[in-house]
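Read off the chains here:
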Amino acid sequence: MSGDNIFTGLTAEHDSDARWAFGTGFTEALAGVDTTLPPGVRGQELATYCQMLGDDALIQAQRLVHWVTDAPELEEEVALANIALDLLGQARLLLARAGQADGTGRDEDAFAYHRDPAEFHNVHLAEAPRGDFARCVVTLLVLSTWRLALFTRLAHSKDPVLAAIAAKGVNELAYHREYAVSWALRLGDGTDYSHERMVQALAQVWPLTGELFATHPVEAALAAQGVGVDPVTVREEVHEVLTQVLTGATLAAPAPFPAGEVAGRRGRHTDELAPLLDELQKVAREHPEATW
Amino acid sequence: MVATASDTEARERARERAWEAAAAVTDPELPMLTLADLGILREVEIGQDGTAQVWITPTYSGCPALAEMRVDVDSAVRAAGFEHVRVRTALSPPWTTDWITEEGRRKLTENGISPPGDAPVRPSGPVPLTLLPTRTIPRCPLCGAADTEELSRFGATSCKSLHRCRSCLEPFEHVKEI
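Respectively, the protein sequence lines represent chains A and B.
Number 382 in this note's numbering belongs to position 190 of the first sequence; there are no gaps in the numbering.
Number 84 in this note's numbering belongs to position 76 of the second sequence; there are no gaps in the numbering.
None of these hints come from the bench; they were simulated from the model.
Incorrect hints may appear among the rest.
Stretch-level coverage of chain B by chain A, calculated; a stretch enters the list once three of its residues show a Cβ under 8 Å from a Cβ in chain A [what the hints assert, rightly or not]:
| hint | segment |
| --- | --- |
| 1 | 64 to 77 |
| 2 | 94 to 100 |
| 3 | 150 to 163 |
Calculated Cβ distances over 12 Å to all of chain A for the following chain B residues [to be verified]:
| hint | residue |
| --- | --- |
| 4 | 12 |
| 5 | 21 |
| 6 | 44 |
| 7 | 177 |
| 8 | 184 |
| 9 | 185 |
Every residue gets a Cβ at the ideal spot worked out from N, C-alpha and C, and that includes glycine.
Pulled out of the complex, with its shape left as it was, chain B reads as follows (with noise of 0.2 Å):
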């Protein structure tokens, strides 16, 4: 069967509503963010036979959602009329807090999460110790002072640690550059 220009379209067709189907999709743990917001949606491809193929990518190595959100995708995508679902793992480029999208960043403040600055650079090389805070230190999500402090850089979950304002004394957590 040679495939015509009309078989090409529906075919990006199918791709785009499998993709907005799995781009719905939300974290189990930070529900106010989709996987498009969170950059963890990778590809999605559609087959010869019609089968949907989707690529996501773990934040953590650890992340227990991970195992949630296949499911939840392969159900979002079935819903969107594909009878065959592959969700599939991309574990390589590793995931940074870079992709997260500006619509992602604005949800999480809006939520009283502060979102990550920008990840640290990576030389090729040895990873440079420094024995003194290098992480950026964030913005209170909730009422904007700059005088914040860490409490701890392990939070609730593996992308978040914990901080405290000193202006109006609320506790935040902050999604840890990556």
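Excised from the complex, chain A in its bound form (with noise of 0.2 Å):
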């Protein structure tokens, strides 16, 4: 669009309805892409594996909203709003690849809005409370270190389709494991207020850990096939880049990681979701003929 004023661009030269075609065909989040299962994958594991995936990134950006008028300064509710929005983008994909999986042709709005608490897939670290800005990064900084151990392995799946979204979803989560990098450095390395901060969001944020690396059925069948990741292979890695980061902000070298066992993953959550969803999912089921 050119010219002075953004909207002459939508009324000029366009004599089809295709200016005005949002929430068409068009907002597909894989629109056009070829979506054929590779051979021997079973599209109920693929569909289950993508929600897993899709529901740790939307639950997380839904929870990064919060901050948006309420961050410490502009810049880092900016930021965080970004973040949300990269991963909130890879919810899109991924839940738009489950309904293409199962058969069902489901889109990503029905995943995203037209499930109840027990059939959403993610982690309980994802659903946490906010809590005060320390905490934010501790999670953040958890939480992109162990999706881009996961997504540099996804990149490589023999779903196309899959690595894809991850090769991509990899240039994204560094830069996030940068700002939490970054924010944990200040924050650890900082005042002796800040420095405690840090310790009692690290102590709120490492029970939850156990559960990032502990495999439902579905991961380890498909990792078996070459398509997804057994999360307990990169347990190591994940915590070699935290006890970087940590002893570098001066705080503690972290405990190693708790055992945990699938919880969310099976649809076993803490009662933090059922109120996120009821916000996210809110204007949708009030309205369930409204587009967007």
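Each chain sits in its own coordinate frame; assemble them with the hints.
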């Protein structure tokens, strides 16, 4: 669009309805991507796996959005909103892939707005309370390091769509981790007060890390086929990165990750998820005819 | 029907026409740049039945401008005389700022936006962690000074960060290397 008035492009030179096509086929996240399943892959399994990765991103994005208008500085608000937007984009692609893989043809909105808490597959750390800014930094540090390790491997998935989504995500997640690292260093190695807040945040987040490396049967099955990644295989790498960051931030080297069991991946959630979804889904459920 | 040399030629000319129409579409968030400048336009094909298929690639997964660009490409190619147009998404290989053309970089600078440096080289293994600032420090696109500081790694859109020139004191945006 050129010219002084951004609205002129909407009316001039367009006699078709195409300009007004938002809410139609044009918004599909995977429009025109070849979505054939690789041979031997069970569609239902791939769909569940895409929901796991997509729900982690969707729920974390919704949590991050709670910082908008409420972050310590405008720059941080913009940063957290951008990170949330990247994650939302990843969620859209993954949930669209899930709807194709399971044969239902459900779109991203059907997954985001019309599932109940027990049908969500995200890990608990994604839905955990927002807490203070130190906790936001620690949560983002852990989740971005973990997701980056998973996506680096998924970029070689035998499912070409998943591989493409992951390869794209790696570049974004590298920025997210960099952001979290810069704040972890600044707060950990800052004042006594900021250091203490980081210690408290780590104490709150650390018990939730065990679940990140617990393997769901679907993850095991798809990992065996070269389509997915067994999260236990990234545990060491994630721990090593976090140790480097936390010791660099003059915080104590982290304890080993606690043992965790598969919970959110099976649809078992904390009490935090239902109110988060109420807010996320309210408009779509109250106005089923609405398009955007 | 056997395709003759002139059929092939006509199809190639049609392809060029569709390409040019799609290439001229501008980015809603960086309106000084066309899709060709950005390297977002990946491929154009004309089918046997005359359908124009256009592949574009998203910059960031969550880039909200993509839906708008699809609509713009669709109407631009239609306006170039193609009755049937399909705008498709190419997810792989992922977009990189290295695909922004020299022309695109010049236009960015002219508009006060610092163009990206070289994209980070991604090894096939784990993304290396560095605890020191690693990204390039952009020159001020307004006065050309090298002495600039980063205000925020994230700016008004996914693709830009926010900086300030210590010499002319003006704030400016930089297209992040990705």
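How the hints compare with the structure:
{"no.": "1", "hint": "64 to 77", "result": "holds (count 7)"}
{"no.": "2", "hint": "94 to 100", "result": "holds (count 7)"}
{"no.": "3", "hint": "150 to 163", "result": "holds (count 5)"}
{"no.": "4", "hint": "12", "result": "holds, 30 Å"}
{"no.": "5", "hint": "21", "result": "holds, 23 Å"}
{"no.": "6", "hint": "44", "result": "holds, 15 Å"}
{"no.": "7", "hint": "177", "result": "holds, 17 Å"}
{"no.": "8", "hint": "184", "result": "violated, 7 Å"}
{"no.": "9", "hint": "185", "result": "violated, 10 Å"}
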